[in-house]
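Undergrad: The listed protein sequences derive, respectively, from chains Z and F. Note that my numbering numbers the first sequence so that position 41 is 41, with each residue one more than the last. To convert a position in the second sequence, counted from 1, into my numbering, add 252.
Where hints are given, some of them may not hold.
[Unchecked claim] Take a look, some chain F residues computed to stay more than 10 Å from chain Z by CB distance:
1. 282
2. 291
3. 316
4. 330
5. 357
6. 414
7. 441
8. 470
9. 479
[To be verified] If we take Cβ atoms under 7 Å as the criterion, some of the chain Z residues that face chain F in the derived model are:
10. 44
11. 47
12. 62
13. 73
14. 105
15. 107
16. 136
17. 243
No lab work stands behind these hints: they were computed from the structure. All residues carry an ideal CB built from backbone N, CA and C; glycine is no exception.
So the chains spell out like this:
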Amino acid sequence: MNNLTRRKLVTAGLAAAGGVAGLGVAARLAQKYGLVPPDHSGIYGLGETLNYAAYRLLTRHSMAREFSRSQISKRPLENEIPPPSDEFKRFQSAGFADWRLSVTGLVAQPASFSVAELKSYPSRSQITQLACEEGWSYIAEWIGVPLSHVLGLVGVLPRAKYVVYYSIDPDWWDSIDMADALHPQTFLAYGMNGGELSVGNGAPLRLRVPRQLGYKNVKFVNRLIVTDSLKGFGKGLGSEAPETGYAWYAGI
Amino acid sequence: MSDTASALSSASAVPTATAAAPRHAALVRITHWITTLCFFALLISGCEIVVSHPRFYWGETGNVLTQPLFKIPIPASRNLVPTGYGYVLPDQNGWSRYLHFQTAWVLVFTGLLYAIYGLFRGHFWKNLVPAKTDLSRRILSREIAEHLRFKRPGGADAWSYNVLQRISYLFVIFVLFPLIIWTGLAMSPAFVATFPATVNLLGGQQSARTIHFFVTVALVLFLLVHVVMIFLAGFISRMRAMLTGRLATGTEVERT
């Protein structure tokens with residue numbers, strides 16, 4: 001009996017030590033391969049890290065499902081937006097002719113682009129689904145320029161890890177990793193369903209990230225910052241979402 | 253040592269058998285209670301998520317501009333949803349989603365541990381797969397009739413699951429749990445980007461959400477019946493068996 005107990009104790013001790021060491025190695029590796037999300041701390045940090053790590057290992061290059069033209073929702077939903085500021089109204093009344101998208105940070109040549117300039121680049125379209133974390137969804141055709149094209153123009157430096165993007169309301173901002181930023185379906189969208197993007201859907205520019213939920217698709221985008229660390233942005237959690245209790249990674 | 257037949261036939265002969273082997277193996281007991289905690293965390297957070305949009309659809313898409321399959325007549329936590337109520341509940345989706353997914357990870361790891369144990373230690377074959385002879389129409393209808401009359405189970409039922417228990421446990425473990433994980437993942441835009449068949453087979457993302465809801469309803473019904481049966485069979489003895497592994501009360505023979 002005693003022998004059995006001792007053997008069990010030793011085995012359990014070794015297993016525990018091995019488990020702790022294994023966790024340590026796993027944490028190192030996860031950090032090295034960029035599998036740790038910015039909101040990895042706190043009581044839900046473990047689940048969040050498992051989500052992001054699992055999804056990055058599984059879905060780095062996968063393409064969001066595209067649909068046929070007949071599957072486009074008859075009435076694309078315009079989700080609520082905060083009341084437009086006077087500044088926005090001025091841009092809107094001028095047909096967004098003065099709207100600029102600035103791109104700064106870890107780039108060779110910081111630049112800013114007008115909507116007309118963005119429209120002059122090769123235009124792409126995708127018929128994809130926008131799903132909200134609340135549970136509703138719709139399918140629409142999105143027309144725009146791939147974000148990777150704009151990032152190519154400014155020359156992203158090799159140590160870049162994230163692209164931070166801002167709405168005209170500086171409190172509405174978010175970020176994505178380079179896997180999503182350079183993904184061919186990540187668009188700076190300016191058109192929808194064959195026409196112009198409506199203000200309700202984020203005109204003049206909306207960042208379209210079809211492999212993540214609706215709230216990552218920030219409307220009225222006018223500023224991009226390429227960075228290797230999200231520490232200096234807001235509370236360092238990667239976006240406004242975790243500051244209000246929502247996950248940074250919204251692929252799930 | 254008393255023989256097995258008498259151990260099964262009368263509760264007084266149980267102690268010796270208790271000393272030999274617990275009613276439920278330690279791993280079964282531990283995974284059972286982790287699953288219980290996870291189920292409540294998932295249920296509460298899942299209900300909170302549903303409250304933000306208590307409308308269900310079939311097919312690929314659905315929103316407040318489209319006709320729902322059905323609505324749950326409750327107020328919502330978002331003011332976009334027309335519920336007929338004049339107020340909006342507080343938004344709890346942030347922590348609910350964090351908790352839902354973190355708990356799902358714990359539950360999946362627990363389930364894997366249980367499945368590996370069940371396969372390699374004979375738990376599924378020994379304790380869950382019903383005997384062929386028990387699947388006759390006569391025995392099944394007798395069991396159903398006895399359950400419907402709320403007849404207290406006899407001594408043999410304390411040591412082994414009856415055929416209806418076996419069928420319902422197998423259904424929960426091998427049909428409802430896999431289905432709820434599948435339909436949950438089929439709602440994830442990144443997961444279905446990699447495995448599109450997982451959502452296409454279900455008929456679309458909104459269908460996956462609706463099935464996820466109905467599987468939850470089925471699991472809650474199972475839980476209700478499960479708890480009622482425990483009360484009928486003897487709450488203290490059944491709880492003791494699942495907590496400590498011991499079945500009889502007060503007469504255990506300590507191992508020396």
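Undergrad: Does each hint hold? Answer for all of them.
TA: Taking the hints in turn, this is what the structure says about them:
no.	hint	in the structure
1	282	holds (14 Å)
2	291	holds (16 Å)
3	316	violated (7 Å)
4	330	violated (6 Å)
5	357	violated (5 Å)
6	414	holds (34 Å)
7	441	violated (5 Å)
8	470	holds (20 Å)
9	479	holds (28 Å)
10	44	holds (4 Å)
11	47	holds (3 Å)
12	62	holds (4 Å)
13	73	holds (5 Å)
14	105	violated (25 Å)
15	107	violated (27 Å)
16	136	holds (4 Å)
17	243	violated (10 Å)
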